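Protein chains: 2
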Amino acid sequence: MGYSDLDWKAINTVRLLAVDATLKANSGHPGAPMGLAPAAHVLWNKFMTFNPKNPLFINRDRFVLSNGHACMLQYALLHLFGYGVSMDDLKHFRQIDSITPGHPETHDTPGIEVTTGPLGQGFANSVGLAIAQAHTAAVFNKPGYELINNYTYCIFGDGCAMEGIASEAASTAGHLQLGNLICLYDDNHISIDGDTKCAFTEDVSKRFEAYGWHVQHVKDGDHDLAAIEEAIAKAKEVKDKPSMIKVTTTIGFGSKLQGTGGVHGNPLKADDAKQVKAKFGFNPEESFVVPQEVYDLYHKHAAEGAAAEEAWNSLFKKYSSEYKELADELTRRLSRKLPEGWEKKLPVYKPTDPAEASRKLSEKVLEDIHEAIPELLSGSADLTGSNNTRWKNAVDFQPPSLGIGDWSGRYLRYGVREHGMAGIMNGISAYGTLIPAGGTFLNFVSYAAGSVRLSALSHQRVIYIATHDSIGLGEDGPTHQPIETLAHFRALPNIMVWRPADGNETSAAYYMALTSTSTPSILALTRQNLPQLENSTIEKAIKGGYVAYEVENADVTLVSTGSEVGLCIESVKELKDKHGITARVVSMPCTEVFDAQPKEYQLQVLPDGIPAMSVEVMSTLGWEKYSHEQFGLNRFGASGPYKDVYKKFEFTPEGISKRAKATVEFYKGLKPRSPVNRAFQQLI
Amino acid sequence: MGYSDLDWKAINTVRLLAVDATLKANSGHPGAPMGLAPAAHVLWNKFMTFNPKNPLFINRDRFVLSNGHACMLQYALLHLFGYGVSMDDLKHFRQIDSITPGHPETHDTPGIEVTTGPLGQGFANSVGLAIAQAHTAAVFNKPGYELINNYTYCIFGDGCAMEGIASEAASTAGHLQLGNLICLYDDNHISIDGDTKCAFTEDVSKRFEAYGWHVQHVKDGDHDLAAIEEAIAKAKEVKDKPSMIKVTTTIGFGSKLQGTGGVHGNPLKADDAKQVKAKFGFNPEESFVVPQEVYDLYHKHAAEGAAAEEAWNSLFKKYSSEYKELADELTRRLSRKLPEGWEKKLPVYKPTDPAEASRKLSEKVLEDIHEAIPELLSGSADLTGSNNTRWKNAVDFQPPSLGIGDWSGRYLRYGVREHGMAGIMNGISAYGTLIPAGGTFLNFVSYAAGSVRLSALSHQRVIYIATHDSIGLGEDGPTHQPIETLAHFRALPNIMVWRPADGNETSAAYYMALTSTSTPSILALTRQNLPQLENSTIEKAIKGGYVAYEVENADVTLVSTGSEVGLCIESVKELKDKHGITARVVSMPCTEVFDAQPKEYQLQVLPDGIPAMSVEVMSTLGWEKYSHEQFGLNRFGASGPYKDVYKKFEFTPEGISKRAKATVEFYKGLKPRSPVNRAFQQLI
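Read top to bottom, the protein sequences are chains A and B.
Its first residue numbered 1, the first sequence is counted upward by one per residue in UniProt numbering.
Its first residue numbered 1, the second sequence is counted upward by one per residue in UniProt numbering.
Same shape as in the complex, but just chain A (with noise of 0.2 Å):
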């Protein structure tokens, strides 16, 4: 193994880095990153391949900093390294459009694989790596070219071992037997209310233990390298199980306050700072100091890296001749774009065709596209049966060894982990290859909050198939009817929330789902039936807002999504024939592509001057948007027969016309404003 005085000296820079950059910034943890530097340095300087004037590389060790907190860490090593990450942007940690935010963010920083700091996210997301790694593994090696081989390697700390999210992947992961990947756990026995003993007491290596992983224990991590060096070669031979490291470390080593924890989210005090770097052999009256030879050493591992790469590039070019179609094939996965004609698949309807549940549309999508598009991997919270998210010939993907599935298959089986599903997800999306889909109730997709949310943040094109998407789903009741989850998801940014109307619209809401990527996707589906519509086509739909029924001279708009766009339409003749109303429809299903749509075109869907009034039959909240009255449903639903829970609640032509005749009096005379018409723009 043989570690010198010039490791010493790359993992004190390392650590003084970060207590300079929290110093500098005010702000910050340098706990962690004086802590697992150790860890770190052998980690990337001996077993980690990657090359960082191609952060790209497509066989590169993937690295996951779960406890993302911990980031002056990895900006530390990125610089160090060589990646396209300067002294100044460590200089400017934690400040306004910087490349180094206070949690690292994968589309701001070059090398930064996924977005992390929301406690036990990063670890999932590695789950979804080491997956996605195996799937194209096994995919794309062939004899004498194993062409994706790398690692997935994972550092998480105790506030990620407590997080559910992390159980749930760790089960899973243990589960599949994922021996590509190896997490290192940060033992510090500190979070931000002190010591861990006053709420963190359970045997975690015992807990990886049941969850079917390889564990080691590494005693002295703030010393013993080669220890570190040891466990994670031997984790490395462990091909049927993912690794835990167990690394016990000193938080904020070499602090004056190390081991407690006045060192994990503040900057050390100017004189702590200095005594740490007189510790460690550097001039305690300089900051952001980094030794040649530590540079030297780190760009010497950098090139070989890059020499990785090349012997790679040669290995594919050869691969290319003998493999050509799978050699494209991957080449146009990398480049994120869809295979040519893959959406002539897409099912079009016509308003003859028998009314269906847009969950068994989604199905037949499903089924009509997957052979066009072997990137997408579909797969259910352990609902599989009610999501219809499963092809016909679906092989599932699981290890070999259990005999029900093989690493090609293209169906995951979450079990009943929301969470962790999503999680998983954006691991997957992230690694590149491939996209994909997972089932789980609409109101359950709340149970994933957390993820979605990095979904949207981190720009991964994930789908959720969130089916039994209201009321509508019947007897189960309350417990499982959203009402809040759409105005969730609305109001959260770079995220499409689709709720299709009938089949071309569900195919249109795929469409858009998969071309968008960098956009993850809800797509809300029912369980009940729903007709398809005269007016609607894929076209219409994919403007996210359209004119389902058109009239002239109308007296009011109904602006509607998914089931309740049928209802609309049955009440424009109840309207016209009790009340003499004329009503027009207009199906909406994305909001947020709507909104991207030229004011013209909005502007012909809601025009000025006639009052609109939406029809959703959950919470009104955001509809004020695109309409003058709203009709919804502000309370929790009821547990009955779909058609009872419906009439309950008036969402019937008679309930609609009701409202839509008091809508109509209200502006009567008025000529109102179109709602898309706005003082101002928001900032975007």
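Treat the hints as calculated values from the structure; they're not laboratory data.
Any given hint could turn out to be false.
Said to hold, decoys possible - Facing chain A, a subset of chain B residues (Cβ under 10 Å, in silico):
1. Thr116
2. Gly117
3. Ser171
4. Ala278
5. Ser446
6. Glu665
Stated by the list, open to error - Straight line, CA to CA, 20 Å or less: simulated SDA-like cross-link-like pairs of lysine to any residue:
7. Lys599(A) / Ile684(A)
8. Lys206(B) / Val204(A)
9. Lys647(A) / Ile99(B)
10. Lys197(B) / Gly179(A)
11. Lys234(B) / Val215(B)
12. Lys360(B) / Pro531(B)
13. Lys46(A) / Val238(A)
14. Lys671(A) / Phe666(B)
15. Lys318(B) / Ala307(B)
16. Lys91(A) / Lys643(B)
17. Lys668(A) / Gln681(B)
18. Lys360(A) / Leu315(A)
19. Lys671(B) / Leu670(A)
20. Lys643(B) / Gln95(A)
21. Lys360(A) / Ser408(B)
22. Lys197(A) / Gly212(B)
23. Lys668(B) / Pro672(A)
24. Lys197(A) / Val395(B)
25. Lys668(B) / Gln681(A)
26. Lys91(B) / Val290(B)
27. Lys206(A) / Gly212(B)
28. Lys219(B) / Asp203(B)
29. Lys671(A) / Arg673(B)
30. Lys46(B) / Ile192(B)
31. Lys197(B) / Ala394(A)
32. Lys643(A) / Asn26(B)
33. Lys269(A) / Ser287(A)
34. Lys668(A) / Lys671(B)
35. Lys345(A) / Lys540(A)
36. Lys392(B) / Asp406(B)
37. Lys91(A) / Tyr642(B)
38. Lys643(B) / Ile96(A)
39. Lys324(B) / Pro143(B)
40. Lys197(A) / Ser408(B)
Because the structure is a prediction, the values reported are computed rather than measured.
For every residue, glycine included, the Cβ atom is placed at its ideal position computed from N, Cα and C.
Put chain B on the given structure of chain A with help from the hints.
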């Protein structure tokens, strides 16, 4: 022990009621009740103390069915033991407005302790019930007066075991050494996707041992009643650890499809139901049959429970003379009424008082009221120093053996477990003697969304202390800055979202949160300092919205919350001086409470004829309800010092004024109607 045919007749009666009710509803889950009936029979009839005639007897044993979809098990038992659940109610299982909805709801049905169904929630609730029991016992029991010594029993299934919230709660319970908690794990190897071997192969027993639980295994839960009894008896003897008893059962026991997924979520086929009845010695042609001797058996146990309550009442009478104050206190708590005059302790501020962060103002409230309200139990998900949730002389709720607190402690260290914390708080609230308040960052209340929803649905008085409520948290950056969060929870029925602007509003928020006995609250609080407003008072703020700055002939109303109210008031001068525009300012700390005010009041606050512009530094979604134009942040934030972040997004007097001016121009001459004028009322 001695089990007879009568026991099996009772067990089979329970099974067949589940068969019949799901068959009649043509919906529901017969499998788990059929598999669990033996364990439930032993638990209810041999161990549990309860009085069906007074389901709220304080020292009753609590029962939680965490796999709530199995609720026909619970409804059948409630009926058979003589609770207010009639045979007719069973026949209306899953029908509109019945008291036997698709999943158990506490406020609907006598004998249901907590609302379950969303998996994992009940398990976490049971930990909360056990915590509340331990605390209440420590406070009220005296030598010779063991007033409070009930157990909490929970049944959970594979789905619950997979959910992260259950992992979090189990780790917490193990840490807290809750010997009063006994959980039966229905190990039936089946979830919706079929055999659990497709996704869930971990060693659950070992995992619970790792958490510090006492673990046993009943290998034949279908037949071995003696083993079930023995295990529960042994678990009761273990006083320093919670107990988990893995009970291996056959789902749908007796059905032709027993042991398969086919019997999980669908009624039995008619012929299968008949053969089960025949197999169990019942008439295959009859439904909803209860042999009189089964009623007799269970009513006998119920009578023992009634006698136990009577004995308790006698004991309490003696206790009342010896410990009058404590007895009165317990009686008062159970009435859910706060102590007389507590509200006089709420801090009141003058405009000249110094600026303070609302998280600090919240700390001051807790400091000032905690002695007056002894049922207030505070805590934090490992952010004590950031959430400011701990009063100075607080004692931690901890097992005494750890030496860092005791059972009478009123501060709970939840660890980094937001979802677990929320589920536990729901259980604490459900016990009836405590009001739980728990802290985390507002952004991470989203991790707990599943439980927050149930706080609201099940009418729990739970307080979420949600600090770091916006981009104003600064350097931690977009991963920690809420954008969608307030819209999310404002769309949720029966919850108050408070975002106070200063000290008086913070006191008002606590006043409403504490006095609303069946509504939870989220208090969104700042990290940064806020000035004390000129016109705020507790009395005004408890109306949800009020005029913070009034002026005659205003051109525009600025409607705002929290940290932006002060900014709006600063903007008034800017608007007047630079643009000649007269602005008034409305502070709207809680829209839900404002909605409940008389319309005349609402129109005073948001009058006709004046355009209103909302100002809140997060998603504008929903603000259209209270304003004509909206200034917000419909994108993710940025990492940097908070003043820089506010400036970047133009949340400055200049940025506000620019948009207010655009609003005034847009509505020039239009005299718009107040947004509180609506064409029709929403259903409630």
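Tested hints:
no.: 1; hint: Thr116; in the structure: holds, 8 Å
no.: 2; hint: Gly117; in the structure: holds, 4 Å
no.: 3; hint: Ser171; in the structure: holds, 5 Å
no.: 4; hint: Ala278; in the structure: violated, 28 Å
no.: 5; hint: Ser446; in the structure: holds, 4 Å
no.: 6; hint: Glu665; in the structure: holds, 7 Å
no.: 7; hint: Lys599(A) / Ile684(A); in the structure: holds, 16 Å
no.: 8; hint: Lys206(B) / Val204(A); in the structure: holds, 11 Å
no.: 9; hint: Lys647(A) / Ile99(B); in the structure: holds, 19 Å
no.: 10; hint: Lys197(B) / Gly179(A); in the structure: holds, 19 Å
no.: 11; hint: Lys234(B) / Val215(B); in the structure: holds, 10 Å
no.: 12; hint: Lys360(B) / Pro531(B); in the structure: holds, 13 Å
no.: 13; hint: Lys46(A) / Val238(A); in the structure: holds, 18 Å
no.: 14; hint: Lys671(A) / Phe666(B); in the structure: holds, 16 Å
no.: 15; hint: Lys318(B) / Ala307(B); in the structure: holds, 17 Å
no.: 16; hint: Lys91(A) / Lys643(B); in the structure: holds, 19 Å
no.: 17; hint: Lys668(A) / Gln681(B); in the structure: holds, 18 Å
no.: 18; hint: Lys360(A) / Leu315(A); in the structure: violated, 44 Å
no.: 19; hint: Lys671(B) / Leu670(A); in the structure: holds, 12 Å
no.: 20; hint: Lys643(B) / Gln95(A); in the structure: holds, 11 Å
no.: 21; hint: Lys360(A) / Ser408(B); in the structure: violated, 54 Å
no.: 22; hint: Lys197(A) / Gly212(B); in the structure: holds, 13 Å
no.: 23; hint: Lys668(B) / Pro672(A); in the structure: holds, 15 Å
no.: 24; hint: Lys197(A) / Val395(B); in the structure: holds, 16 Å
no.: 25; hint: Lys668(B) / Gln681(A); in the structure: holds, 18 Å
no.: 26; hint: Lys91(B) / Val290(B); in the structure: holds, 13 Å
no.: 27; hint: Lys206(A) / Gly212(B); in the structure: holds, 11 Å
no.: 28; hint: Lys219(B) / Asp203(B); in the structure: holds, 15 Å
no.: 29; hint: Lys671(A) / Arg673(B); in the structure: holds, 13 Å
no.: 30; hint: Lys46(B) / Ile192(B); in the structure: violated, 32 Å
no.: 31; hint: Lys197(B) / Ala394(A); in the structure: holds, 18 Å
no.: 32; hint: Lys643(A) / Asn26(B); in the structure: holds, 14 Å
no.: 33; hint: Lys269(A) / Ser287(A); in the structure: holds, 14 Å
no.: 34; hint: Lys668(A) / Lys671(B); in the structure: holds, 16 Å
no.: 35; hint: Lys345(A) / Lys540(A); in the structure: holds, 18 Å
no.: 36; hint: Lys392(B) / Asp406(B); in the structure: holds, 16 Å
no.: 37; hint: Lys91(A) / Tyr642(B); in the structure: holds, 18 Å
no.: 38; hint: Lys643(B) / Ile96(A); in the structure: holds, 10 Å
no.: 39; hint: Lys324(B) / Pro143(B); in the structure: holds, 15 Å
no.: 40; hint: Lys197(A) / Ser408(B); in the structure: holds, 19 Å
Hints 4, 18, 21 and 30, counting from the list given before, are not met by this structure.
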